[in-house]
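**Student:** Listed here are the chains, written in short residue letters.
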Amino acid sequence: MRDVTYLRPGNVRDAVQLYRTTPGCRPLAGGTDLMVMLHAGTLRPAPRAVLDLWSLPELKGVRRANDVLEIGAAEPYTGIIGSRDAQESVPALVAAARTIGAAQIQNRGTLGGNLANASPAGDTLPVLLAYDAVVVTDRRSIPIDEFFVGYRKTALADDELITAVRLPLGRDVVFRKVGTRAAQAISKVVLAVSREPARIAIGSVAEIPLRARRAEVALERNDIAGAVAAVADDIRPIDDVRSTAAYRRQVTQNVLRELLDAFARG
Amino acid sequence: MRFTLNGAAVSLDVVGSRRLLDVLREDLGKTGTKEGCGEGECGACSVLIDGEVVDSCLVAVGQVEGRNVITVEGLAGPRGELSLLQQAFIEHGAAQCGICTPGMLLAAHVLLKKEQRPDADDVREALAGNLCRCTGYTKIIEAVLSCGT
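Top line first, the protein sequences correspond to chains X and P.
Numbered per our numbering, the first sequence finishes at 266, counting up by one with no gaps.
Numbered per our numbering, the second sequence finishes at 149, counting up by one with no gaps.
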């Protein structure tokens with residue numbers, strides 16, 4: 001890592017300029033993913049520079065404005081968990097943030113990092129899908145639905161930086177993560193569900209965090225049994241070190257049934 | 001770059017992308033901070049930045065510019081007298097191999113700053129990011145609880 005240049009811009013404008021003009025540059029926020037890969041030398045292509053966004057004031061904070069809650073891309077999960085606005089407006093996102101790692105990771109991990117790394121197991125990503133979040137960058141707004149385009153691939157341009165995430169107020173979303181223990185676990189399956197509009201978003205069951213479209217169509221018809229049956233065809237789980245495809249399919253159906261029953265009971 | 005380490009000003013000429021963990025151990029001789037997994041799973045390398053517990057293996061040293069870093073060496077008093085929490089770890093037999101102990105102490109230190117009288121669940125949650133493969137945690141939790149006032 002001694003040969004990786006460290007760049008620390010003072011504002012988003014300078015950051016974008018540096019990102020555009022520095023070959024082999026990778027944005028860095030809390031480092032909970034990137035620093036591991038950087039040290040292990042597993043990033044391809046090997047980065048020649050890191051662009052430190054962690055301290056940029058423009059990327060911090062949780063703000064309520066008009067009909068949305070806006071969360072800075074580099075605001076750590078601890079800030080989201082502690083925000084009264086977030087607790088009131090997007091409790092499912094707060095619940096998800098509380099399941100990420102433990103204090104050490106929550107103090108550093110960010111929504112911008114979770115989005116940019118685009119891991120299929122990213123715990124906040126199904127929640128953002130269920131809320132129909134908008135990813136705000138230095139130049140445009142991207143509906144979350146169009147953000148994940150392949151395994152760890154996003155719709156971001158090569159020199160584009162995430163600056164914030166916007167979430168609508170007043171949507172009822174529930175969240176459930178299944179892992180080996182309460183803390184420090186990478187998900188086997190992670191779900192976020194909204195009843196109205198019908199949104200069923202799932203992580204760790206495909207190459208991207210995905211919306212279960214067939215199950216959503218059934219849910220729109222109030223067909224809970226149909227949604228639970230259909231979700232098995234929506235997902236594409238694999239066997240890996242954390243779980244098996246068969247377990248993931250079964251647990252996805254069980255948890256979805258439980259969450260939808262809970263909605264039905266009010 | 002400059003930052004404060006255990007209350008003293010530090011000025012260094014280092015590549016900012018290096019891990020804070022490595023700079024603490026190799027350049028600054030603060031070997032109390034241990035490397036366990038190097039992936040943010042085990043918490044052995046925990047340090048405090050501006051009072052918050054973080055894994056120093058995940059922090060680029062450039063990111064602590066102007067900040068206040070505390071390692072386990074910073075918990076003791078100026079003449080090396082152990083803190084109440086450190087003394088409690090000894091009295092309760094809360095350390096065996098000792099690799100996790102510095103991280104445990106720092107995470108527990110933060111908890112005790114926030115909660116003067118934590119219960120066992122508070123302690124378990126506060127230490128959830130610190131793995132111990134020797135003690136089974138019971139004695140560690142007892143040591144932290146004994147410091148509640």
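Careful: at least some of the hints might be erroneous.
Said to hold, decoys possible - Taking lysine to any residue pairs in the SDA-like style, the calculated list, with each CA pair at most 20 Å apart, reads:
id	chain 1	residue 1	chain 2	residue 2
1	X	Lys60	P	Leu112
2	P	Lys114	X	Met37
3	P	Lys114	X	Arg84
4	P	Lys113	X	Lys60
5	X	Lys60	P	Gly66
6	X	Lys60	X	Glu160
7	P	Lys113	X	Gly82
8	X	Lys60	P	Gly51
9	P	Lys34	P	Gly66
10	P	Lys114	X	Arg98
These aren't lab readings, by the way, just hints derived from the structure by calculation.
Predicted model only: the values in this text are computed from it and were never measured.
**Student:** Which of the listed hints are broken here?
**Tutor:** Violated: hints 1, 2, 4, 9.
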